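Starting from the known structure of chain A, fit chain B onto it as the hints suggest.
As a plain string of letters, each chain reads:
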Amino acid sequence: METVIATEWIMACYVDDVPENGGSCIKHGDEQIAIFNFARRNEWYATQNLCPHKQQMAISRGMIGSTGENCEPKVACPFHKKAFSLLTGECIGEEELTIKTYPVKITDGMVFIGIA
Amino acid sequence: MSKPTIIVVGNGMVGYKFCEKLLARSSQFQIIVFGEEPRHAYDRVHLSEYFNGKTADDLSLSTLSWYADNDIALHLDDPIQEINRGEKTIHSLKGITLKYDYLVLATGSSAFVPDIPGIEKEGVFVYRTIEDLELIKACAANAKCGAVMGGGLLGLEAAKALIDLGITETHVIEFAPRLMPRQIDSAGSSMLQMKLSQLGLHIHLNKSTAAIVGDKKISSLKFNDDSLLTVDMLVISAGIRPRDELAKLAGLHVGTRGGIMVNEKMQTSDEHIYAIGECALYEGMIYGLIAPGYEMADVAAAHLTAADKGFYGYDMSTKLKLIGVDVASFGDAFITEPDCRTILFEDTHKGIYKRINITNDGKNLLGGILIGDAEAYNMLLQTVNNKIVLPPDPEDLILGSRGGEASAGAGVMSLPDDALICSCEAVTKGAICSAVNDGGVTNVDGMKKCTKAGTGCGGCVPLVKDLIAGTMKANGQYVKNVICEHFDYSRQELFDLVKIGGLKNYDLVLDHYGKGDGCEVCKPVVASILSSLWNDVIVKQEVIQDSNDRFLANIQKGGTYSVVPRIPGGEITPDKLIVIGQVAKRYGLYTKITGGQRIDMFGAHLSDLPLIWEELIDAGFESGHAYGKALRTVKSCVGSTWCRFGLHDSVTFAIEIEDRYKGIRAPHKIKGGVSGCVRECAEAQSKDFGIIATEKGWNLYVCGNGGSKPQHAQLLATDIDKETLVKYLDRFLMFYIKTADQLTRTATWLNKLDGGMSYLKNVIVNDSLGLGEQLEEEMQTLVNTYHCEWKEAVNNPAMRKRFAHFINAPEEKDPTARFEPMREQVKAKEW
Numbered sequence: 001m002e003t004v005i006a007t008e009w010i011m012a013c014y015v016d017d018v019p020e021n022g023g024s025c026i027k028h029g030d031e032q033i034a035i036f037n038f039a040r041r042n043e044w045y046a047t048q049n050l051c052p053h054k055q056q057m058a059i060s061r062g063m064i065g066s067t068g069e070n071c072e073p074k075v076a077c078p079f080h081k082k083a084f085s086l087l088t089g090e091c092i093g094e095e096e097l098t099i100k101t102y103p104v105k106i107t108d109g110m111v112f113i114g115i116a
Numbered sequence: 001m002s003k004p005t006i007i008v009v010g011n012g013m014v015g016y017k018f019c020e021k022l023l024a025r026s027s028q029f030q031i032i033v034f035g036e037e038p039r040h041a042y043d044r045v046h047l048s049e050y051f052n053g054k055t056a057d058d059l060s061l062s063t064l065s066w067y068a069d070n071d072i073a074l075h076l077d078d079p080i081q082e083i084n085r086g087e088k089t090i091h092s093l094k095g096i097t098l099k100y101d102y103l104v105l106a107t108g109s110s111a112f113v114p115d116i117p118g119i120e121k122e123g124v125f126v127y128r129t130i131e132d133l134e135l136i137k138a139c140a141a142n143a144k145c146g147a148v149m150g151g152g153l154l155g156l157e158a159a160k161a162l163i164d165l166g167i168t169e170t171h172v173i174e175f176a177p178r179l180m181p182r183q184i185d186s187a188g189s190s191m192l193q194m195k196l197s198q199l200g201l202h203i204h205l206n207k208s209t210a211a212i213v214g215d216k217k218i219s220s221l222k223f224n225d226d227s228l229l230t231v232d233m234l235v236i237s238a239g240i241r242p243r244d245e246l247a248k249l250a251g252l253h254v255g256t257r258g259g260i261m262v263n264e265k266m267q268t269s270d271e272h273i274y275a276i277g278e279c280a281l282y283e284g285m286i287y288g289l290i291a292p293g294y295e296m297a298d299v300a301a302a303h304l305t306a307a308d309k310g311f312y313g314y315d316m317s318t319k320l321k322l323i324g325v326d327v328a329s330f331g332d333a334f335i336t337e338p339d340c341r342t343i344l345f346e347d348t349h350k351g352i353y354k355r356i357n358i359t360n361d362g363k364n365l366l367g368g369i370l371i372g373d374a375e376a377y378n379m380l381l382q383t384v385n386n387k388i389v390l391p392p393d394p395e396d397l398i399l400g401s402r403g404g405e406a407s408a409g410a411g412v413m414s415l416p417d418d419a420l421i422c423s424c425e426a427v428t429k430g431a432i433c434s435a436v437n438d439g440g441v442t443n444v445d446g447m448k449k450c451t452k453a454g455t456g457c458g459g460c461v462p463l464v465k466d467l468i469a470g471t472m473k474a475n476g477q478y479v480k481n482v483i484c485e486h487f488d489y490s491r492q493e494l495f496d497l498v499k500i501g502g503l504k505n506y507d508l509v510l511d512h513y514g515k516g517d518g519c520e521v522c523k524p525v526v527a528s529i530l531s532s533l534w535n536d537v538i539v540k541q542e543v544i545q546d547s548n549d550r551f552l553a554n555i556q557k558g559g560t561y562s563v564v565p566r567i568p569g570g571e572i573t574p575d576k577l578i579v580i581g582q583v584a585k586r587y588g589l590y591t592k593i594t595g596g597q598r599i600d601m602f603g604a605h606l607s608d609l610p611l612i613w614e615e616l617i618d619a620g621f622e623s624g625h626a627y628g629k630a631l632r633t634v635k636s637c638v639g640s641t642w643c644r645f646g647l648h649d650s651v652t653f654a655i656e657i658e659d660r661y662k663g664i665r666a667p668h669k670i671k672g673g674v675s676g677c678v679r680e681c682a683e684a685q686s687k688d689f690g691i692i693a694t695e696k697g698w699n700l701y702v703c704g705n706g707g708s709k710p711q712h713a714q715l716l717a718t719d720i721d722k723e724t725l726v727k728y729l730d731r732f733l734m735f736y737i738k739t740a741d742q743l744t745r746t747a748t749w750l751n752k753l754d755g756g757m758s759y760l761k762n763v764i765v766n767d768s769l770g771l772g773e774q775l776e777e778e779m780q781t782l783v784n785t786y787h788c789e790w791k792e793a794v795n796n797p798a799m800r801k802r803f804a805h806f807i808n809a810p811e812e813k814d815p816t817a818r819f820e821p822m823r824e825q826v827k828a829k830e831w
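Residue numbers (my numbering), protein chains in the order written: chain A, 1 to 116; chain B, 1 to 831.
Bound conformation, chain A alone (with noise of 0.2 Å):
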């Protein structure tokens, strides 16, 4: 059996409003999100602009990267160095730490983000 879920796409910004390999924020009603343009792989990330260690809207000012044998993609917020999978959006160590992540697509120049 299939399962449907609702996803709605929101365009969130053109794709030279975030840096290369850079991040940047986006205001979706009182949600903030981190948008991600992971240039070197080709690959757009998303995920909530909250860092969960000390509850401050950092992450899409923090620097990304890659960890481990699989190049896991990660994102490290600025305050504390709080690493998050861009993938699973768990935080690389032992913290047990999660951010939500969100699908992004890329449509003539603009990008758009998945909201559940």
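In case anyone wonders, no lab produced these hints; they're calculated from the structure. Please note that a few of the clues may not be correct.
[Claimed, not checked] Facing chain B, according to a computed beta carbon distance under 8 Å, are these residues of chain A, among others:
(1) T7
(2) C13
(3) V15
(4) S24
(5) R40
(6) K54
(7) A58
(8) A76
(9) K105
[What the hints assert, rightly or not] With a straight-line cut-off of 25 Å between C-alpha atoms, the simulated DMTMM-like cross-links for lysine to aspartate or glutamate are:
(10) K216/B x D308/B
(11) K813/B x E20/A
(12) K540/B x E20/A
(13) K540/B x D16/A
(14) K801/B x D17/A
(15) K54/B x E90/A
(16) K473/B x D507/B
(17) K504/B x D16/A
(18) K81/A x D225/B
(19) K813/B x E96/A
(20) K27/A x D608/B
(21) K557/B x E90/A
(22) K100/A x E812/B
(23) K27/A x E542/B
(24) K54/A x E830/B
(25) K504/B x E20/A
(26) K99/B x D58/B
(27) K81/A x E485/B
(28) K452/B x D308/B
(29) K727/B x E683/B
(30) K801/B x E31/A
(31) K81/A x D58/B
Just so we're clear, the structure is a prediction, and the values are computed from it rather than from any experiment. We treat Cβ as the ideally placed atom computed from N, Cα and C, and that holds for glycine.
Just chain B now, kept in the frame of chain A:
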């Protein structure tokens, strides 16, 4: 033929270790384990960490699947009730009857509970299992005042647990006249008592408890001297009792004061039954520590597999941290004169007590006690165990070397090969060195996997680390110091490679010399190298900059930024002061004078930064680089222009120096100071470079540091003129920039530099490497290419666009950035 069956009674740390050791030696046996507790074996040594947030799973020594994977049948929550030695069978509480070929008793011990009236009351606990801890935790939630009966090692651990649980008033009651009577002497106990009392623990010695008072629940303790102590709860930690009841029932020989008697092969009076750990009595002694327990497990496993190994007593030396206080006792700690000579050191101010006992001929160390500072423990223990001949001034062992070049002791590499380094896992120096030589191990993690050294109590890890580095060095192997998983180079190596390759951006550097996609460690390192080499505008490569460098401001609590314009030498005109005041007022900023003689404005929203800087630049200010690993300030005293003591014009010199080196990126921040006379009001000797006026010129000091480990700067050159001083400073700074590891201040860099200050002096002053001219030229290039980053940023529309919190609503500020009023200004809301 079926495999012989070994039944292990008890699934504590030693019972578990036996399984592990046996499996390592042979797969010939069918292993069946019975445990009384509902959990599989966990780390009882670090039990108190359960209160610091560690879970039962964290403490567990293996996973349940480990037992299944190794074909071990594990019966938990099912204690053995009876052994039938004639038929070689056991019967469990749940009714299981099994036949054994060999039986291993690892039943451990239980808390000794003295027979005091009222001991059965509610609120009285023992401290032994995770279940005990859960009961204590539940009771502590409603308790204010708690007591621990027993001032031994475990009792003090329990007292720490009560403090961790939020008990505001914690008492320790000890029957003996001193704390930890088995490990330390009375002078050491007094020092420990003083330290613990300062930390808020109430300690009562020479107190014996007569009764526990209360209706159903404990309300107070009554002592033999008729005094009373009101408490809400009591934890009993008055010693251990070997669990020998099963053995006794089976007719095995037990000691008069408990314990299952064993020989040196760990066999009981029945050769098919072994006993190991805290239930075993060897030559009249119960070994209540983990290391000898593991050793017994290995001896029994060895004997069962026909290997030759015996147990002949065990070194009971121990080192631990009790409520933040180091306590160590090693070798023969209690031997006294005339059987030995004793050297004592006592510092009641810092709470340090050290005692070493040496042979009458002064040649060997016999044992000792350390309270308050046990850093020397590992080396002292090795000195005892390996009978290493003492230096001519053995007091150096506890006082450190005072004066002269000689160091106390000869270091780890001088130990003999059979020196036991990790006593928990019985790993010798020889084994560790051969893991490096033959096994290719290069770090502690690898060593843990290869030899298990350092996996027990972890106390030997610093020694293991030194041995790995020492062995590699002795082999001429290069001790690699790499930046991160993406670059297999040190910062210095990468610096040279980037320079030779002429690479100008991060992706090129990563493609040429790295792997993967980079990370938050290597990106800023490469950014700093690129900047030190080519001095391009850093925001052109914004995404590889650390957050502060990316937005050219310091991120603060709440996500707003602070702004620091440069005020060279701390000199500022009234007009400029007014501008700072106006800007701060307009943007609602909190202002504070910094330690470096400038003014910091806090609470700026990201989108306000370019506006603020536009105004500051218009008034003639420049970036202060407070956000960068770069020159911060050159602090000055007012000098000869006003001061009646001043010899030269220190302010002018400070401004010249600050202007010369401003904006230059380095491995870490750099601070300087210039004082106009020897009174040193600029505190120049605590800076990375310090300049002090003399009658004949200036003295130059380098590599000082405030911070967490203050260090005075050292004299590099005396009575030199300004020109020479700038030349030396160019060389010094450039040499540091090119060779230091990332995030290493000049002081730490010097401490690690082979040859130290005399080498540095040779390179800078005597130009021993012939690099002087090159270093000066490189510095001059950086000085010539200076630019104010903020000027570039506010004048470049593409760069300016990045200073917005919401890219799709650039005019809106982060609504979560909140402030609270404080003394007529604002502060960031607490997180």
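Going through the hints against the structure:
1. Among the interface hints, the one on T7/A is violated; its C-beta lies about 19 Å from the nearest C-beta in chain B, farther than the 8 Å criterion.
2. Interface restraint check: C13/A against chain B, minimum CB-CB distance 5 Å, threshold 8 Å, status holds.
3. For V15/A, the suggested interface contact is broken, since its CB lies about 11 Å from the closest CB of chain B, more than 8 Å.
4. The criterion of a C-beta within 8 Å of any C-beta in chain B is met by S24/A, whose closest approach is roughly 4 Å, and the hint holds.
5. The restraint placing R40/A at the interface with chain B holds, with a minimum CB-CB distance near 5 Å, inside the 8 Å limit.
6. Below 8 Å, beta-carbon pairs count as interface contacts, and K54/A has one with chain B at about 5 Å; its hint therefore holds.
7. A cut of 8 Å between beta carbons decides the hint on A58/A: the least distance to chain B is about 5 Å, and the hint holds.
8. The interface hint given for A76/A holds, since its Cβ lies 4 Å from the closest Cβ of chain B, which is under the 8 Å cut-off.
9. For K105/A, the interface hint is violated, since its Cβ never comes within 8 Å of a Cβ in chain B; the closest pair sits about 17 Å apart.
10. Between K216/B and D308/B, the direct Cα distance comes to roughly 56 Å. Violation of the 25 Å bound is thereby established for this hinted pair.
11. Between K813/B and E20/A, the direct Cα distance comes to roughly 23 Å. Compliance with the 25 Å bound is thereby established for this hinted pair.
12. Taking the CA atoms of K540/B and E20/A, the gap is near 12 Å; set against the 25 Å cutoff, the hint holds.
13. The suggested pairing of K540/B with D16/A holds, with an alpha-carbon distance near 15 Å, which does not exceed 25 Å.
14. Distance check on the hinted pair: K801/B and D17/A sit about 9 Å apart at the alpha-carbon level, within 25 Å; holds.
15. Simply put, K54/B and E90/A have alpha-carbon atoms about 20 Å apart, close enough for the 25 Å limit, and the pair holds.
16. For the proposed pair K473/B and D507/B, the alpha carbon gap of about 34 Å is over 25 Å, so the pair is violated.
17. Pair hint K504/B plus D16/A holds up; C-alpha atoms about 23 Å apart against a cutoff of 25 Å.
18. Annotation: proposed proximity of K81/A to D225/B is violated, straight-line Cα distance about 57 Å (limit 25 Å).
19. A C-alpha spacing of about 30 Å is found between K813/B and E96/A, which places the hinted pair above 25 Å, so the restraint is violated.
20. Straight-line distance between C-alpha atoms of K27/A and D608/B comes to about 18 Å, which keeps the hinted pair within the 25 Å bound.
21. At most 25 Å may separate the alpha-carbon atoms for a hinted pair to count; K557/B and E90/A meet this at roughly 23 Å.
22. For the hint pairing K100/A with E812/B, the CA-to-CA distance comes to about 23 Å; that is within 25 Å, so the pair holds.
23. As the CA atoms of K27/A and E542/B are separated by approximately 22 Å, the hinted pair is consistent with the 25 Å bound.
24. At most 25 Å may separate the alpha-carbon atoms for a hinted pair to count; K54/A and E830/B meet this at roughly 10 Å.
25. For the proposed pair K504/B and E20/A, the alpha carbon gap of about 17 Å is at most 25 Å, so the pair holds.
26. Distance restraint check for K99/B and D58/B: the Cα-Cα separation of roughly 34 Å exceeds the 25 Å cut-off, and the hinted pair is therefore not satisfied.
27. The suggested pairing of K81/A with E485/B holds, with an alpha-carbon distance near 16 Å, which does not exceed 25 Å.
28. Restraint check: the Cα-Cα separation between K452/B and D308/B comes to about 21 Å, which is no more than 25 Å; the hinted pair holds.
29. In summary, the hint linking K727/B to E683/B is supported, as the alpha carbons are separated by about 22 Å, within the 25 Å threshold.
30. Taking the CA atoms of K801/B and E31/A, the gap is about 21 Å. The hint holds against a cut of 25 Å.
31. Restraint check: the Cα-Cα separation between K81/A and D58/B comes to about 24 Å, which is no more than 25 Å; the hinted pair holds.
Hints 1, 3, 9, 10, 16, 18, 19 and 26 from the list above are not met by this structure, while the remaining hints are.
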